[in-house]
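Residue numbers (numbering that gives the first Met the number 0), protein chains in the order written: chain A, 0 to 281; chain B, 0 to 87.
Worth flagging that the hints you see were computed from the coordinates, not collected in a lab.
Think of the CB as a built atom: it goes at the ideal place given N, C-alpha and C, for glycine as much as any other residue.
It cannot be assumed that every hint is accurate.
What the hints assert, rightly or not - Listed next, the in silico DSSO-like pairs over lysine-lysine satisfying Cα-Cα at most 30 Å (straight line):
1) K80(A) - K224(A)
2) K17(B) - K20(A)
3) K103(A) - K42(A)
4) K17(B) - K103(A)
5) K113(A) - K80(A)
6) K103(A) - K184(A)
7) K184(A) - K17(B)
8) K177(A) - K103(A)
9) K20(A) - K103(A)
Stated by the list, open to error - Some residues of chain A that are not near chain B, with every Cβ distance over 12 Å (derived):
10) G40
11) Q81
12) R88
13) V111
14) E134
15) S170
16) E201
Stated by the list, open to error - Here's a subset of chain B near chain A, in silico, CB distances under 7 Å, partners left out:
17) S12
18) T15
19) A16
20) L23
21) L24
22) P40
23) I56
24) G57
25) E59
26) I63
27) R67
28) E70
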Amino acid sequence: MSKDLTLEQPMGRVIVVTSGKGGVGKTTTSAAVGAELARRGHKTVVIDFDVGLRNLDMIMGCERRVVFDFINVIQGDAKLKQALIRDRRLENLAVLPTSQTRDKDALTRDGVAKVLEELRQEFDYIICDSPAGIERGAQMAMHFADEAIVVTNPEVSSVRDSDRVLGLLNSITERAGKTGAEPVKAQVLITRHDKARVDSGEMMTVEDVLEVLAVPLLGIIPESKAVLRASNLGVPVVLDDPSAAAAAYEDAVGRLIGEQIEMRIAADPRRGLLQRLFRRTV
Amino acid sequence: MFGFSFRPRKAASASTAKERLQILLAHERSGHGSARPDCLPQLQREILDVIRRHMQIGDEAIDIRMERGDELSSLEINIEFPGKLGVN
Chain A
0 MSKDLTLEQP MGRVIVVTSG KGGVGKTTTS AAVGAELARR GHKTVVIDFD VGLRNLDMIM
60 GCERRVVFDF INVIQGDAKL KQALIRDRRL ENLAVLPTSQ TRDKDALTRD GVAKVLEELR
120 QEFDYIICDS PAGIERGAQM AMHFADEAIV VTNPEVSSVR DSDRVLGLLN SITERAGKTG
180 AEPVKAQVLI TRHDKARVDS GEMMTVEDVL EVLAVPLLGI IPESKAVLRA SNLGVPVVLD
240 DPSAAAAAYE DAVGRLIGEQ IEMRIAADPR RGLLQRLFRR TV
Chain B
0 MFGFSFRPRK AASASTAKER LQILLAHERS GHGSARPDCL PQLQREILDV IRRHMQIGDE
60 AIDIRMERGD ELSSLEINIE FPGKLGVN
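Construct the entire structure; sequences and hints are all you get.
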């Protein structure tokens, strides 16, 4: 895509949410970023690449409505529009669930390419929720990406795995293989950031992580009770009650689409005794 | 106002989580419906075949939706016909 055309965005952008390590918040991030993009009016689809361990549907709250899946579409058993689940809260948002019963071999490069090509025609943003690891499923999720969100916890194994994933983004993706193509634009999203522990020296700082990984920072998502609550309810965290995590995802999405938003470390307000007595929530 | 709030406490989200899991896993473990990989594509093909015996419709004319529930699940099948129906 030529730089001059990016304003018009004639074709959807494919963004992979990846990490290497499991449990760092890829699916939470995919759901939150997808929902926030849609809320801002962009037609957005979120695709689950974790074949055999379907979970995006639960986090998005559409698990009871899955009929056909990504693999059915790749294998020609269903049309893409039959497999897309339209979100009931946001008209611009759709989910493409994966199969719970197949394995990663069902993802073929040509099949994925064809589905993504079709999605690029209809959607502004295509968010690929990668499985953990760096095997076939994760490689398929990143292969056609224009951009990458590398989800990282400020913790040694997560940072190490992120570094490995950044290496793969620069070597095995389609953009990496095409001469003259711009490389995948990778940005790190730090999740489960605990300011109190950073302040006391127990947790690496954002600067520490960035110094090691040497890629731009997309945002800092604080450790927040709102994330588990949203997952329990099947609501992307940005669509649930206001929280520090939701605000941080909103900022991150603003930056993702090119807004200049100052980096801040949000924290859920600690409610005082009076507030707790008067407004019992959660 | 002074005093405690008597608004009902919001249902704890954990119970919602448990309930959602129970419904979903009951469906997945039973091996019925969508847990069998080829059940719905095959159902779709068969429905199309039956309808084609009576009228002309395209491959994309069928739309299947499902809503899994606690006690009941529903399957909604919409079939679009081109223009006039080809039957009496």
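Each hint tested on the structure:
1. K80(A) - K224(A): Violated - the C-alpha atoms of K224(A) and K80(A) are around 35 Å apart, more than 30 Å.
2. K17(B) - K20(A): holds, 26 Å
3. K103(A) - K42(A): holds, 28 Å
4. K17(B) - K103(A): Measuring from Cα to Cα gives roughly 28 Å; hence the hint holds.
5. K113(A) - K80(A): holds, 14 Å
6. K103(A) - K184(A): Within the cut-off at roughly 26 Å; holds.
7. K184(A) - K17(B): Violated: K184(A) and K17(B) sit about 39 Å apart, past 30 Å.
8. K177(A) - K103(A): holds, 25 Å
9. K20(A) - K103(A): holds, 17 Å
10. G40: holds, 26 Å
11. Q81: Q81(A) not clear of chain B: closest Cβ-Cβ about 6 Å, inside 12 Å.
12. R88: holds, 16 Å
13. V111: holds, 19 Å
14. E134: Holds, because the least Cβ-Cβ distance between E134(A) and chain B comes to about 21 Å, which exceeds 12 Å.
15. S170: holds, 34 Å
16. E201: Holds, because the least Cβ-Cβ distance between E201(A) and chain B comes to about 28 Å, which exceeds 12 Å.
17. S12: holds, 4 Å
18. T15: holds, 6 Å
19. A16: holds, 4 Å
20. L23: Check passed: Cβ of L23(B) comes within 5 Å of chain A, closer than 7 Å.
21. L24: violated, 10 Å
22. P40: OK, holds: P40(B) within 7 Å of chain A, min 4 Å.
23. I56: Where the cut-off is 7 Å and the nearest Cβ of chain A is about 14 Å from I56(B), the hint is violated.
24. G57: With a minimum Cβ separation of about 10 Å from chain A (threshold 7 Å), the hint on G57(B) is violated.
25. E59: holds, 6 Å
26. I63: holds, 5 Å
27. R67: holds, 4 Å
28. E70: violated, 13 Å
Of the hints listed earlier, those the structure fails to meet are numbers 1, 7, 11, 21, 23, 24 and 28, in rising order.
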